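**Q** Chains as they are written, first to last, in my numbering: chain A, 1 to 209; chain B, 1 to 150.
Accuracy of the hints is not assured; some may be wrong.
Unchecked claim - DSBU-like, lysine-lysine: derived pairs with alpha carbons at most 35 Å apart:
#, chain 1, residue 1, chain 2, residue 2
1, B, Lys-85, A, Lys-107
2, B, Lys-110, A, Lys-149
3, A, Lys-107, A, Lys-203
4, A, Lys-149, B, Lys-69
5, B, Lys-69, A, Lys-190
6, A, Lys-149, B, Lys-101
7, A, Lys-94, A, Lys-107
8, B, Lys-2, A, Lys-96
9, B, Lys-127, A, Lys-107
10, A, Lys-149, B, Lys-102
11, A, Lys-96, B, Lys-5
12, A, Lys-206, B, Lys-110
13, A, Lys-107, B, Lys-101
14, A, Lys-107, B, Lys-110
15, B, Lys-110, A, Lys-96
16, B, Lys-147, A, Lys-206
17, B, Lys-110, A, Lys-203
18, B, Lys-136, A, Lys-197
19, B, Lys-82, A, Lys-149
20, B, Lys-147, A, Lys-197
21, A, Lys-96, B, Lys-102
22, A, Lys-149, B, Lys-2
23, B, Lys-82, A, Lys-107
24, A, Lys-107, B, Lys-147
25, A, Lys-104, B, Lys-2
26, B, Lys-101, A, Lys-206
27, B, Lys-127, A, Lys-149
28, B, Lys-102, A, Lys-206
29, A, Lys-104, B, Lys-127
30, A, Lys-203, B, Lys-49
Worth flagging that the hints you see were computed from the coordinates, not collected in a lab. Predicted model, so just to flag it, every value in this text is computed and none were measured.
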Amino acid sequence: MSKLKLVLGIVAIAFVTLTAVSCKDAKTDKNNSTEHHSEMNADGDHSKMNHDNSDGHHDGDKKEMTMNGNGTSQAVLNDYFSLKDALVADDNAKAKNLGGVLAKSLKAFDTSKYSGNEQSELNDIIEDAIEHAEHIAESAMDHQREHFKILSKDIADMIAITGTENTLYQQFCPMYDGGSAWLSMSEDIKNPYYGSKMLTCGKVQKEIN
Amino acid sequence: MKIVKIIAVVLLVAFVGIQFVPTERNQSDVVPKTDFMLVNSVPDHIKSKLQTSCYDCHSNNTQYPWYNKVQPIAWFLEDHIKEGKAELNFNEWDSLSNRRKKSKLRSIIKQIENDEMPLDSYTLIHKDASFSEAEKQELIQWVGRLKDSI
Numbered sequence: 001m002s003k004l005k006l007v008l009g010i011v012a013i014a015f016v017t018l019t020a021v022s023c024k025d026a027k028t029d030k031n032n033s034t035e036h037h038s039e040m041n042a043d044g045d046h047s048k049m050n051h052d053n054s055d056g057h058h059d060g061d062k063k064e065m066t067m068n069g070n071g072t073s074q075a076v077l078n079d080y081f082s083l084k085d086a087l088v089a090d091d092n093a094k095a096k097n098l099g100g101v102l103a104k105s106l107k108a109f110d111t112s113k114y115s116g117n118e119q120s121e122l123n124d125i126i127e128d129a130i131e132h133a134e135h136i137a138e139s140a141m142d143h144q145r146e147h148f149k150i151l152s153k154d155i156a157d158m159i160a161i162t163g164t165e166n167t168l169y170q171q172f173c174p175m176y177d178g179g180s181a182w183l184s185m186s187e188d189i190k191n192p193y194y195g196s197k198m199l200t201c202g203k204v205q206k207e208i209n
Numbered sequence: 001m002k003i004v005k006i007i008a009v010v011l012l013v014a015f016v017g018i019q020f021v022p023t024e025r026n027q028s029d030v031v032p033k034t035d036f037m038l039v040n041s042v043p044d045h046i047k048s049k050l051q052t053s054c055y056d057c058h059s060n061n062t063q064y065p066w067y068n069k070v071q072p073i074a075w076f077l078e079d080h081i082k083e084g085k086a087e088l089n090f091n092e093w094d095s096l097s098n099r100r101k102k103s104k105l106r107s108i109i110k111q112i113e114n115d116e117m118p119l120d121s122y123t124l125i126h127k128d129a130s131f132s133e134a135e136k137q138e139l140i141q142w143v144g145r146l147k148d149s150i
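Build the full structure now, drawing on both the sequences and the hints.
**A** In structure tokens, the structure reads:
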């Protein structure tokens with residue numbers, strides 16, 4: 001009799017576990033599918049916008065671009081500089097947070113103002129940069145800096161297309177990883193790859209207007 | 001004493017219970033045209049090294065170990081494979097832009113250099129997946145050359 005009870009008990013608990021876990025699975029599946037959905041929507045909107053802007057009033061658009069609003073290259077730049085400052089300050093937690101912020105502004109960056117070629121180049125850059133920003137959002141300091149190196153290249157390539165309203169300085173540290181560059185608003189060297197360890201290592205490589 | 005028994009039974013039951021939970025299997029017979037090996041000319045020894053050490057988690061086809069159906073190990077594997085593929089899927093290599101290919105290659109080099117990949121938990125069981133120092137250097141150099149050629 002007690003054996004029967006035990007078996008029944010096992011079956012019952014197994015059943016409960018199974019139901020509980022499969023419910024959880026179903027839920028996450030659902031979440032995933034809605035996520036995909038919204039992503040698809042975003043894509044759809046995007047292509048529509050591209051069409052709407054294909055007649056291109058470029059002069060007017062350029063003026064708009066120089067504003068600090070969301071979805072502009074300037075918004076991306078501002079978040080990049082905040083992230084750089086967190087790395088300069090050796091602040092891992094803040095850099096994580098700002099990596100996430102940068103990923104968001106990159107995702108929001110509206111490239112529809114640019115010509116077809118520029119758009120595809122920019123989308124390439126943004127896609128790559130988002131990946132690095134997202135990694136920075138969840139990595140330890142040394143990893144953050146590795147990703148920041150490639151991110152800096154992406155951002156520099158972005159500016160080459162979008163231009164910038166302020167004078168920027170491309171700075172270069174010959175010591176980090178065989179030589180690494182970054183961008184700064186100020187001429188003074190504050191090294192994001194070494195932080196306090198070698199704060200002033202580096203030189204101005206280029207002035208970007 | 002009785003409590004110990006009860007706990008043991010509950011654990012056993014839970015263990016039996018979770019065996020019924022299905023897991024997603026990462027298996028496919030098709031090697032897509034975008035596969036890393038098809039679009040790059042990879043020397044044989046590098047090819048086999050990458051396939052042994054990386055493809056289980058970074059492609060659409062995993063050579064599962066015998067214990068892969070035992071929970072909670074199966075969950076653990078499923079998680080790792082999902083994460084690994086999201087990060088880098090060699091089968092879909094050619095769908096990446098050149099910029100992203102370079103980024104990925106750079107990350108591959110860094111991960112191997114710092115002994116972060118293959119994962120320790122993986123090489124513990126797959127002894128043939130770990131890199132000797134010489135293999136590491138060879139792989140890093142080869143990947144570096146590929147990166148510079150893009």
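**Q** Would you list, in rising numerical order, the hints stated earlier that this structure does not obey?
**A** 4, 5, 8, 9, 11, 22, 25, 29 and 30
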